[in-house]
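According to our numbering, the sequence shown is numbered sequentially starting from 263.
Hints in this document: simulated from the structure, not taken from any laboratory.
Possibly wrong hints are sitting among the right ones.
[What the hints assert, rightly or not] Distance ranges between label pairs, derived from CB positions:
#, residue 1, residue 2, range
1, LEU289, ARG491, 34 to 40 Å
2, LEU277, TRP387, 49 to 55 Å
3, LEU354, ALA455, 37 to 43 Å
4, PRO493, LEU354, 35 to 41 Å
5, LEU527, ALA371, 24 to 30 Å
6, LEU286, LEU496, 22 to 28 Å
7, LEU414, ASN485, 17 to 23 Å
8, ASN485, LEU367, 43 to 49 Å
9, VAL453, GLY432, 28 to 34 Å
10, LEU281, LEU483, 16 to 22 Å
11, ARG383, TRP346, 43 to 49 Å
12, LEU281, LEU388, 48 to 54 Å
13, LEU368, TRP346, 24 to 30 Å
14, LEU354, GLY526, 19 to 25 Å
Every residue, glycine too, gets a C-beta built ideally from N, C-alpha and C.
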Amino acid sequence: MSAPASPRRRLPWPLLWALPILGLGLLWGGAHGPLDLAEHVGYAICHQIQVRSYVFGDLTLPLCARCTGQYLAWPVVFLLAWRWRRLRAAGLPPRPLLLILIGFLLLWAFDGFNSYLTLLRGRPWLYAPHNLLRLITGLGQGLALGFLFLPLCNQMLWAEPDPQPLLGRGRELAQAVGLALLLALAVHSRVLALFYPLSLLSTLSAFALLSLVGMLLLIGLQNRVAAARRPRDLLILLPPGMAFAVLLLLAANLARAYLEQVVGLPPLG
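Take these sequences, add in the hints, and give me the full structure.
Now the structure itself:
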C-alpha cells in the first residue's frame, strides 16, 4: 500500500502579495535599465535641485549632495558591522561616542537650516552653503542614524540579539569617518567612471532602508517582535519589506508628478 502523498507546501501569504508587487516595481522603474530605476527612487525621496547636486559631465546624480551623503553612509555602517562581527549588536554606543553622533545630527540639521534660509532669502544667511558641506554633513547624519538605528532594529528583530554596542570605541568611529571621507572624495572628484557606482549605491541604500522599515512594520502587525532566531527567519520578511518600499516609492512618485503636472506646482528638481 503506497504512502499518502505529502501536501504541497504553500507559500506564506506575505510572499503571495509581495512578489507581484516587486515585479510591478521592476516594470515601472527599471524599463530602461538600472539608472532609470535609480532616477525613480531619487524622484520619490529627494528634491533633486540640480545646483545642489553633483554633476558628472552631463550626468547628474539621482540624489542631491546631502541625500547622496546620508544614503552612502548606510553601507559603511553595515560593512563595518559585518567586519566587526556585530550584525546582531543591539547596544547603543557609550556616552562620549553617543554625544559625537548627536553632534553629527545637529551639524546636519544646522547646515540644512542655513541652506534653506539662503534659498528663501535669495542670499546667504550665516554662510554661503555649498555642495561639499552638504555632502559631508549628510555623511555624518547617515553614520549617526546608522549606528543608532541598526541596534534598535536588532532589538526588534532578534530573539537573542548581541547585547554589545555596535559602536564601542573611538577608533571604530574613526574607521567609519575615514571610509565616509573616501566616499566624499569619490563624489567630489566628479570622475565620470564613478557616476554609475555612486548612483546605484546611494539609491540601493535608500531602497534597502525603506525595505527594512517595511520589515519592522510587518513583524509589528504579525506580533512577531524579537522572534527571529536564524537568518532564514528574516529572509521570509525581506520580499514583503521590499514590496512596502516599492509601494511607498510609487505613491511618492505619483503624488509628486500629480502636483507638478496637474496642480501646476513648480518642479522641485
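- request: Take the C-beta atom of VAL453 and the C-beta atom of GLY432, compute their distance, and say whether it sits inside 28 to 34 Å.
  value: 32 Å, holds
message: Taking the Cβ atom of LEU286 and the Cβ atom of LEU496, is their distance within the range 22 to 28 Å?
response: Given about 24 Å between the Cβ atoms, the range holds.
- request: Using the beta carbons of ARG383 and TRP346, state whether their distance is inside 43 to 49 Å or not.
  value: 45 Å, holds
- prompt: Okay, LEU281 versus LEU388 on CB: inside 48 to 54 Å?
  reply: Holds: the Cβ-Cβ distance is about 50 Å, inside 48 to 54 Å.
message: 34 to 40 Å was suggested as the range; check whether the CB atoms of LEU289 and ARG491 agree with it.
response: 36 Å, holds
- prompt: Is it true that the C-beta distance of PRO493 to LEU354 lies inside 35 to 41 Å, as the hint says?
  reply: 23 Å, violated
- prompt: Do LEU368 and TRP346 keep their Cβ atoms within the hinted range of 24 to 30 Å?
  reply: 26 Å, holds
- prompt: Within 16 to 22 Å or not, the Cβ separation of LEU281 and LEU483?
  reply: 19 Å, holds
query: Do the Cβ positions of LEU354 and ALA455 conform to the proposed distance bound of 37 to 43 Å?
result: Distance hint for LEU354, ALA455 holds at roughly 39 Å.
query: Would you say the C-beta atoms of LEU277 and TRP387 sit inside 49 to 55 Å of each other?
result: Holds: the Cβ-Cβ distance is about 51 Å, inside 49 to 55 Å.
19 to 25 Å as the expected CB spacing between GLY526 and LEU354, which holds or is violated: 47 Å, violated
- request: Check the following: the C-beta atoms of LEU527 and ALA371 are separated by a distance inside 24 to 30 Å.
  value: 26 Å, holds
The structure shown violates the earlier hints numbered 4, 8, 14.
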